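*Asks:* Between the sequences and the hints, there should be enough to build the whole structure, so can you do that?
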Amino acid sequence: MHMMTVKQRGVWAVLLWPCLLTMSVPLDCKEEQGSLSRCLSISQEKLLDRVIQHAELIYRVSEESCTLFEEMFIPFPLRLQRNQASYTCITKALPLPSSKSEIQQISDKWLLHSVLMLVQSWIEPLVYLQTTLDRYDDAPDLLLNKTKWVSDKLISLEQGVVVLIKKMLDEGALTTTYSEQGLFQYDVQPEMLESVMRDYTLLTCFKKDAHKMETFLKLLKCRQTDKYNCA
Amino acid sequence: MMKKVVAAVLLFLLLFFTPHAKATRYSPPGKPTLTRCRSPEKETFTCWWEPGSDGGLPTTYALYYRKENSDAVYECPDYHTAGENSCFFNKNDTSIWVNYNITVVATNTLGSTFSDPVDIDVVYIVKPNPPEKVTVAVMEDKDWPFLRVSWESPHKADTRSGWITLIYELRIKLEGEDEWEMHLAGQQKTFNIFSLRSGGTYHVQVRCKPDHGFWSEWSSTSYIKFPDYFHREKSMWILITVFSAFIFLILIWLLHMNTHSLKHCILPPVPGPKIKGFDKQLLKNGKSEEVFSALVVSDFPPTTSSNYEDLLVEYLEVYVPEEQELMLEENKDLHDSFLKSEVSTSDNDSGRGSCDSHTLLIDKCGEAKEEERQTDQEESPTETETQRHQKDWDEDPLTYAHEDMVSPDMSSGRVKTWPSVFSPLPQYSLSPLDQTRSLVMAKQHCLSDILFPPGSSSSYLTQPSTKEALGPSYRDFCLSNKPPHSLPVPQMQARKQLQSHSDVNISSIGRKQAPVGQQSSALQPTEYVEVQRVNEEDMVLLQPVMSDHGCVEGCPQTHQGENYSKVKGVTSDNMLLLQREVIEEEMDRFPCEDLETSGAERCYTSSIITTTQKPTGCNHTATPVLGEMALAASGYVDTATMSALPTY
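Line by line, the protein sequences are chains A and B.
Counting from 1, one number per residue, gives the positions in the first sequence under our numbering.
Counting from 1, one number per residue, gives the positions in the second sequence under our numbering.
Since the hints were derived computationally from the structure, they do not count as laboratory data.
A couple of the hints might just be wrong.
[As the list claims (entries may be wrong)] 27 Å max Cα-Cα, derived DSSO-like pairs, lysine-lysine:
id : chain 1 : residue 1 : chain 2 : residue 2
1  : B       : 173       : A       : 221
2  : A       : 221       : B       : 156
3  : B       : 91        : A       : 227
4  : A       : 221       : B       : 189
5  : B       : 91        : A       : 92
6  : B       : 67        : A       : 92
7  : B       : 209       : B       : 173
8  : A       : 221       : B       : 91
9  : B       : 156       : A       : 227
10 : B       : 133       : B       : 67
11 : B       : 127       : A       : 92
12 : A       : 148       : A       : 92
13 : B       : 209       : A       : 221
14 : B       : 209       : A       : 7
15 : A       : 46        : B       : 189
[Stated by the list, open to error] Some, not all, of what chain B presents toward chain A, calculated at C-beta under 7 Å:
id : residue
16 : 69
17 : 91
18 : 95
19 : 96
20 : 97
The structure presented is a predicted model; accordingly, all values stated were derived computationally and were not measured.
Even for Gly, the Cβ is constructed at its ideal location relative to N, Cα and C.
*Replies:* And the structure:
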């Protein structure tokens, strides 16, 4: 039941991604630095809603992709336990809150920045994942499409978050700081099994981080509306 | 010394404990297993384990965990909140998106045993509490009420802030059934259920699940009784029932209307016996001898004369062509009904239109008539049926022939024939004949008209009247003119052709009657027309015979005035009741031809009232007039006296 719903929504999202792209265009008001009001962008609340929707969709599609990959390529003994998160993720070094109490203690700004960090750190690995998946012999098209979609959506999500930061925090752009830190290492082509396990790890980690993004953004939204009862 | 004491004590202790050790096998504890870890709201979580064998010794359990990215091992902070063999991690100790490596250790005096480690991430072990405050209400929506189920998220789960996102699912079933109907409600907290059975009691349950966790338990059952409502389907069924009942009634009615034809189809009527002389009543009485004796006909084998009678068929439809003049002759046989139509040929064309034309049989009939005339004349008025029928038929063959000839021409159905006006007007006689092409053989008795005896004062014209009024009574009218005899007398009347047309709507049922014998006789103006027997209520028109002598030419006009040719009825003594009639104009035959309706005055012969007939020529004429006269004149008139009424 849950899988079906997620799959349906994922398909729906895949179909609608051009709309999301077009929707994301007016968000780009970077060039006009001093004139935020001149941007024909949407209001902050709506923007935040859209960003949250993006994050939700990304999470669902990534969950489906992970399941697909796991079923196709991962033998049973190596599969993650149901309770288990993943192997070591690339983003473990990021200073992210890891409990609700911690999140309650950090500020909006830091929350947004956390999201941005996450998004930016995953853009490259997803592109890499796309290339590796193409090398698979029998990777289903659905999986490829989903991963492709996710990577595209992530870019638009990044744009949205940047605009949000600008709007909410009145900050300038600090866009490209995180992705250049080389979290991801491009190694020599590993062996097959290692490659598969690495991809599997990538996918599972990304799934978790997508959920983090979604949660942060939702908490942020709650703080916007009702500061005192939110986390 | 001390050492010895210590050793002794030790030994003593050892001895003391040894039996215990031997009695119960002590062993290190068995391996515990972590059964599950659950977090109800993604903020705290609990782990439960299953202890192994305790080895007979008191065993303690300890849970140790290690977070990812660190090697520090921590022990479970709370062993009691969650119950036995559990470890509760509160908010401060719970980290999300972090892998926990948890191990349980069982320890007893003999040793300790480690369980298998378990990796968990709190995010993935969330199993919320069931939804709370589930309410089910019936929403009235005109004729289509539905159920609205509403609930709230479990109070611990922080869905408001978005910390946890729950999706809901509910299920419903009718009381007494086993199958649940599942509905996914998404993230909404209300749900409408439609298409429920009216009057049923339903059980409703709700559960929830985070987008990355386990389904909660089902909430407690809510009961709702659906109200009774008049389902539209029922009304549709009622409509269908009424409609089919209606159609059924129509079918029954149609069936009833066509019962007769259906009966004929399914149960064709049994034809009755048509043996001449066969009496059903006798048969019913059961006296067979009488029955069979009745069959014996005295004149069997049939003589020539009776030949014709035998040839008589009950029903004969004779269509008299307009050109023909038919004379009806008496029907001998009472039982047989036949129509004798005598065709009188009139050589005199005066006053004759297309209506009037000679028939072939005129000549033939003439001979026969001659003989008959005189006898008939006398007899005719008083003749009863029997007498009538005893008219002999020399002319029979002719008449029959004529009849036969005529009959084919007759159209089926009733034929109106009326006796031709005989006496004074040749035309008169002609016209009706012309008009009436059809002869209908009376079922019962036909009146045979006989030529007027020359000089006979009475001529009777038998004309049925008001047949229609009386119903299709069959009458025979035979008018016979006996031109030869009457020639001398009725010369004033040129050929008078007696046209006997039976007014009677004699419908032939397919039985052909041998023509009674039509004698065509030249119409003589004053001729007696013998009146055949008439059924009751038949009207016989008798035309008084004019004192013909001087009436050669003026005779036609003599017709004006009263006409005793109408017979009101026949009494049981075989007495004719004649009626007076006044016929106005006899001259014109022509109008007769065209006339289908009244205007009948013109045609004498049309004294006959034709009712149901298709108008055949001039059949109907003078009906109104005659009618009046008929009504006016009533009473019994002796034909004998008729002759004494020349002035009429």
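*Asks:* Would you mind marking each hint as holding or not holding in the structure?
*Replies:* Hint-by-hint comparison with the structure:
Proximity of residue 173(B) to residue 221(A) is assessed by CA-CA distance (about 39 Å); at most 27 Å being required, the pair is judged violated. With a C-alpha separation of about 20 Å, the suggested pairing of residue 221(A) with residue 156(B) holds against the 27 Å cut-off. Pair hint residue 91(B) plus residue 227(A) holds up; C-alpha atoms about 21 Å apart against a cutoff of 27 Å. Using a Cα cut-off of 27 Å, the hinted pair residue 221(A) and residue 189(B) holds, with the two alpha carbons roughly 20 Å apart.
The hinted pair formed by residue 91(B) and residue 92(A) meets the criterion: a straight-line CA distance of about 21 Å does not exceed 27 Å. Restraint check for residue 67(B) and residue 92(A): the C-alpha separation of about 12 Å stays at or below 27 Å, so the hint holds. Straight-line distance between C-alpha atoms of residue 209(B) and residue 173(B) comes to about 21 Å, which keeps the hinted pair within the 27 Å bound. For the hint linking residue 221(A) to residue 91(B), the alpha-carbon distance of about 22 Å falls within 27 Å, and the restraint holds.
As the CA atoms of residue 156(B) and residue 227(A) are separated by approximately 19 Å, the hinted pair is consistent with the 27 Å bound. Using a Cα cut-off of 27 Å, the hinted pair residue 133(B) and residue 67(B) is violated, with the two alpha carbons roughly 37 Å apart. A threshold of 27 Å between alpha carbons decides the hint, and for residue 127(B) with residue 92(A) the separation of about 26 Å falls inside it, so the pair holds. At most 27 Å may separate the alpha-carbon atoms for a hinted pair to count; residue 148(A) and residue 92(A) meet this at roughly 24 Å.
For the hint linking residue 209(B) to residue 221(A), the alpha-carbon distance of about 22 Å falls within 27 Å, and the restraint holds. This hinted pair checks out: residue 209(B) and residue 7(A) have alpha carbons roughly 17 Å apart, not beyond 27 Å. Between residue 46(A) and residue 189(B), the direct Cα distance comes to roughly 23 Å. Compliance with the 27 Å bound is thereby established for this hinted pair. Interface restraint check: residue 69(B) against chain A, minimum CB-CB distance 6 Å, threshold 7 Å, status holds.
Residue-level restraint check for residue 91(B) holds (minimum Cβ-Cβ distance to chain A is 6 Å; threshold 7 Å). Because the closest C-beta pair between residue 95(B) and chain A is about 4 Å apart, less than 7 Å, the hint holds. The interface hint given for residue 96(B) holds, since its Cβ lies 6 Å from the closest Cβ of chain A, which is under the 7 Å cut-off. Given the 7 Å rule on beta carbons, the hint for residue 97(B) holds: about 6 Å separates it from the nearest Cβ of chain A.
Comparing the model with each numbered hint stated earlier shows that hints 1 and 10 do not hold.
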